[in-house]
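Peer 1: The sequence shown begins at 1 in full-length UniProt numbering and counts up by one.
Accuracy of the hints is not assured; some may be wrong.
Once the Cα atoms are required to be at most 27 Å apart in a straight line, the calculated DSS-like pairs of lysine-lysine come out as [stated by the list, open to error]: (1) Lys100 with Lys122; (2) Lys243 with Lys83; (3) Lys215 with Lys83; (4) Lys100 with Lys243; (5) Lys122 with Lys37; (6) Lys215 with Lys243; (7) Lys37 with Lys27.
Here are the simulated distance ranges between beta carbons [as the list claims (entries may be wrong)]: (8) Glu129 with Gly103: 35 to 45 Å; (9) Asp211 with Asp15: 14 to 24 Å; (10) Ala275 with Gln32: 37 to 47 Å; (11) Phe260 with Glu114: 22 to 32 Å; (12) Lys82 with Gln145: 18 to 28 Å; (13) Pro259 with Gly17: 40 to 50 Å; (14) Lys27 with Pro229: 14 to 24 Å; (15) Tyr264 with His29: 23 to 33 Å; (16) Gly272 with His29: 35 to 45 Å.
Calculated from the structure, these hints are not laboratory results. In this text, a Cβ means the ideal position worked out from N, Cα and C, and glycines have one as well.
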Amino acid sequence: MTALNEGWFTEVFQDQGTAFSLQVKKKLHEEQTPFQKLEIYETETFGNLMVLDGCVMLTTRDNFLYHEMMTHPALFTHRDPKKVVIVGGGDCGTLKEVLKHPGVEEAWQVEIDERVTRMSEKYFPELCEANDDPRANFFFGDGIQWMRDIEPNSVDLIIIDSTDPVGPAEGLFALDFYRDAMLALREGGIIVQQSESPLLHTDTIIKSIHDDMRKAGFEHVQTLPFPQPVYPTGWWSCTMASKANPLRYFREEDSANRPFVTRYYNPGVHHGALAMPQFMLDALEDQVIPGEA
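Build the full structure now, drawing on both the sequences and the hints.
Peer 2: Okay, structure coming up:
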């Protein structure tokens, strides 16, 4: 539920009794794509704002938090990622962060709604700087079917940069999708799923993700909380899962000596994100392997 009154865009979380607002200067764009309603606003203090079906997707000011945490922890946890697949991520910010890693040889962005990418190129060009990188590949279509059809044992890292688990993204949070991803990953492969708010969704969405990933065969599962001011509660998370290798250890020296600029991610942040709050450990106690808490 959204409201636009007296120069403020407000996303109302009716079932939680809360709301989030940004003061806007003007609406820059609005259209009904084949999949969702897409709106873009210019805000007073957060740069441009993208909204899909009334839900805040990103702003110029704080998207780096999400994009860096969806990518760098997993990329530095994997021993040597060469091929990366991003399911969703139409704004291209995740793709940009992935391609900062010189060892990545091939990256695919599999996005159902091409209009999100085209409007990002226009209104969020800084996120699309890597779109012309020769390693970047784009497929606009059904990511669930794409994952089902991909060659087995052909991918090192899968990043599910999806919207909330409703509408077009619902199937990306399903056991069958995780099973297909499991088959697609090479030995040592890692999957990353955006996993909503720790405060609101640990007992529901996050717990279900842990359970389904383990059912799909992922032996190690780890949720990493991080701040995200424009999302519900201002606190978000991603969940990593590995076929065999523990996720508590990462290439710390490579992380510290990364040959690119980050604004949030560093080795200390990585270590801190691995430490889940006690209420999450309590809720996920059946899913957490001793020594991985």
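Peer 1: Work down the list of hints and note, for each, if the structure agrees.
Peer 2: Here's how the hints hold up against the structure:
no. : hint                           : result
1   : Lys100 with Lys122             : holds, 22 Å
2   : Lys243 with Lys83              : holds, 16 Å
3   : Lys215 with Lys83              : holds, 25 Å
4   : Lys100 with Lys243             : holds, 25 Å
5   : Lys122 with Lys37              : holds, 17 Å
6   : Lys215 with Lys243             : holds, 12 Å
7   : Lys37 with Lys27               : holds, 14 Å
8   : Glu129 with Gly103: 35 to 45 Å : violated, 19 Å
9   : Asp211 with Asp15: 14 to 24 Å  : holds, 22 Å
10  : Ala275 with Gln32: 37 to 47 Å  : holds, 43 Å
11  : Phe260 with Glu114: 22 to 32 Å : holds, 28 Å
12  : Lys82 with Gln145: 18 to 28 Å  : holds, 24 Å
13  : Pro259 with Gly17: 40 to 50 Å  : holds, 46 Å
14  : Lys27 with Pro229: 14 to 24 Å  : holds, 21 Å
15  : Tyr264 with His29: 23 to 33 Å  : holds, 28 Å
16  : Gly272 with His29: 35 to 45 Å  : holds, 37 Å
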